[in-house]
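Produce the complete structure using the sequences and hints provided.
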Amino acid sequence: MRVWLLNDELAKKLKSPLGLLIRNDSNKIFNVLSEIKGCSLLVSVGDATLDFLLSINVVPDVQIIDMKEKRSPRIAVKPAHKIEYRVTNPRGCISEESVKVFNKALTSDKPVRILVEGEDDLLALVAIIFSPDGSCILYGQPDEGLVIVKVDERIRNWCKEIFSSMTLSEKA
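So my numbering is basically just the index in the sequence shown, starting at one, shifted up by 730.
Among these hints, one or two may not hold up.
Said to hold, decoys possible - Derived pair list, reagent style SDA-like, types lysine to any residue, alpha-carbon separation capped at 20 Å:
| id | residue 1 | residue 2 |
| --- | --- | --- |
| 1 | LYS798 | GLY848 |
| 2 | LYS880 | LYS798 |
| 3 | LYS767 | MET797 |
| 4 | LYS880 | LYS812 |
| 5 | LYS840 | GLY768 |
| 6 | LYS890 | ASN757 |
| 7 | LYS880 | VAL789 |
| 8 | LYS745 | ILE885 |
| 9 | LYS834 | LEU845 |
| 10 | LYS745 | LYS798 |
| 11 | LYS890 | VAL789 |
| 12 | LYS834 | TYR815 |
| 13 | LYS745 | LYS890 |
| 14 | LYS890 | GLY822 |
For the record, the hints were derived by calculation from the structure and aren't laboratory data.
From a predicted model like this one, the values you see are computed outputs, not experimental measurements.
Structural data, given as structure tokens:
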């Protein structure tokens, strides 16, 4: 399996939110709904993020989950999709398969769920790079809140730089 590996230096760069951090407080629902209004495509990364969105009746077009929260197994997120794809994506990597499946999801009937065996975290980068301008990518910032990335050329190029700095490898 071909994968791109994240090194420690790049991991440090990704610790900070890539977009707007919506804190876990009493205004979270209002703030999220306000920020995602007008997004051309909505992509959620992470089980807790998807659970939260579904709880406020927002169904993302593309849902990326790994059945874990903070690396611990969790109860399955309720079904809210027409199509489900399964991919393998090891921790600390982006698999070539994940990139292909995400791009396939973009052209599939929505909503689409991508169920990841391994870890889904780095697939936020894939979503930012390949989603069209005007898309919103949502992912969790552990113990802080929800990050909303509004895709444009600037953030896409920044993520492409990170991605191109990752090491391509064959992983068993």
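When the hints from earlier in the document are held up against this structure, which numbers fail?
The structure breaks hints 2, 3, 4, 6, 11; every other hint is satisfied.
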